[in-house]
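Asks: Chain H is fixed; fit chain U onto it per the hints.
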Amino acid sequence: MPKFLFIFRHSTDPQSRPSPEDMQALGAQWHAWMQKFSGSILPGGDGLKPTGRLIRAGIETDGPYIEAKEFVASFSLIQADDLEAAMAIARECPGDNVIEVRELAGYA
Amino acid sequence: MSEPRALVEHFYRHEFGRLVAVLTRSFGARRLDLIEDVAQTALAQALETWSRRGVPEDPAGWLHRTARNLAIDAWRREQTHARALPRLANEAERDAEPPEARFADEIGDEPLRLLFICCHEAVPVESRVAFALRTLCGFSTAEIARGLLATEANVQKRIERAKARLRDLDIDFDALAAPQLRARLDAVLAVIYLLFSQGCHATHADAPIRRDLCDEARRLARMLVDHPVGDVPSANALLALMCFHAARFDARVGLDGGLVPFEQQDRSTWNWADAREGMAWLAKSAAGDELTRYHLEAGVAWEHCRAPTFEDTDWGRIAELYDALDRVAPSPIHALNRAVAEFHLRGPQAGLDHLAAVAPENVPTRYPGWHAVIGEFQFRLGRPSAAERAWREALRLTSAGADQEFLRRRLAECRRLLDPAADPNH
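If you read the protein sequences in the order shown, they are chains H and U.
By my numbering, the letter at position 16 of the first sequence is numbered 16, and the numbering carries on one by one without gaps.
One rule links them: number in my numbering = place in the second sequence (from 1) + 1000.
Bear in mind the hints are in silico, worked out from the structure with no lab data behind them.
Incorrect hints may appear among the rest.
[Said to hold, decoys possible] Once the Cα atoms are required to be at most 20 Å apart in a straight line, the calculated EDC-like pairs of lysine to aspartate or glutamate come out as:
id, chain 1, residue 1, chain 2, residue 2
1, H, 49, U, 1078
2, H, 36, H, 46
3, H, 3, H, 84
4, H, 49, H, 13
5, U, 1157, U, 1033
6, U, 1157, U, 1036
7, H, 49, U, 1037
8, H, 3, H, 92
9, H, 49, U, 1036
10, H, 3, H, 100
11, H, 49, U, 1073
12, H, 69, U, 1037
13, U, 1284, U, 1274
14, H, 3, H, 103
15, H, 36, H, 84
Next comes chain H alone, as it looks inside the complex (with noise of 0.2 Å):
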């Protein structure tokens, strides 16, 4: 079955941060997403912690969104017969999030 990335963005935007009370309630609607598509949600997804480190031509920085307005917060990987299958659990996830919907290749 074909392997997909879910890629998770957020606004760097202080404005947009969700209330800790938010937060309950779009943890409770994961929580929910979770249980639904359990059979596609494969092992290994993870956040991603706000600090890194930037390559570009030999000059290291940190990073990488500083500037950007938008910041990958976490992914998740999913398995499912294709690209619209895929989408329609996308479509399902909770909050305003960007996601971005990528088949894995499997060039491995």
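Replies: Structure of chain U alone, referenced to chain H:
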């Protein structure tokens, strides 16, 4: 990966408060912007990670480790910047000790200390409640604004003012010694009391969040009496008072979400677990010879709680308590409540006479309850036009949806008496 599990209610909000308290110990109250940022980022990371992998065994421990690492990262970045920018060097020198050394491994009395910082005499009184709700209870600006019936801009301004004062003062978190804390205890009790009273004014749409304010007030008070500094009769009496009021919360709101008048409340729905807790605190508050306003108000609330029916209410005892309250803490609001007791003892004219005795310069003309009670007395005296005038004024001043609804119903009754022809039911 562990099994996904549900988090306890308000987990994120309460953990935000604990993280801010612990980080304040590490970084000092003057760095509250950085501290809130770290706490918020730790929560966001928890949400992201747990949404993919499930909630870990010890979610609070996970959050605290994450916050600790974020704080250390932030501190290192500042050190790097300080070396590059000499004007920051002075600041960095003060923080030369890495936060590892200062980051408490266990939650101790940090939240309590932060509560006392919120009530520091340098923090403007009107800022304290908003600031405590943000830092200790983890409410967002929008949530605080809804809770306090204020605008978001106003809440933001109050919080910024508190932060600015604490930045200027640079209060040392660890230096808060017991005598200092004791001196500030009255201010802490006042803030908890205010928080609770704000929550008690239920409005139609925002009832749940305002109930939250009452729960937070009780949580903070329990935290306070759990510590030797706060375990004093006045604090115990305040907790008793809040418990007796909380026991009646469910009975106050009808099925339609509107307020149910006190005499029509279904006393079988009063929460006796709350009332019993209140009795235990009230018994504890009797230690020592101190009689505070909280003791007297708890006494009134207990009288209402213990009466099996509205008719059984001991209004004589309540009148005595309000007289004593007005001596301890003179206020026209106490006179108003005393007048209500007088009305139940000796009728509406006696109630009006009691209000007439309040000096004109002390009459709280902007307080809707004052006019609402006058309206009630006039109505019962058979003077619907005087009642209508008073209730119109009350309606003009009140902003709570449920209170407005109640006044509109009463005004409609006046109309029916004054103009029977216009009554469609007539």
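Asks: Each of the hints needs a verdict: does it hold here or not?
Replies: Do the hints match the structure? See the list:
no.: 1; hint: H:49 with U:1078; in the structure: holds (18 Å)
no.: 2; hint: H:36 with H:46; in the structure: holds (18 Å)
no.: 3; hint: H:3 with H:84; in the structure: holds (12 Å)
no.: 4; hint: H:49 with H:13; in the structure: holds (17 Å)
no.: 5; hint: U:1157 with U:1033; in the structure: holds (14 Å)
no.: 6; hint: U:1157 with U:1036; in the structure: holds (16 Å)
no.: 7; hint: H:49 with U:1037; in the structure: holds (14 Å)
no.: 8; hint: H:3 with H:92; in the structure: holds (18 Å)
no.: 9; hint: H:49 with U:1036; in the structure: holds (17 Å)
no.: 10; hint: H:3 with H:100; in the structure: holds (14 Å)
no.: 11; hint: H:49 with U:1073; in the structure: holds (11 Å)
no.: 12; hint: H:69 with U:1037; in the structure: holds (18 Å)
no.: 13; hint: U:1284 with U:1274; in the structure: holds (15 Å)
no.: 14; hint: H:3 with H:103; in the structure: holds (6 Å)
no.: 15; hint: H:36 with H:84; in the structure: holds (17 Å)
Taken one by one, the earlier hints all hold for this structure without exception.
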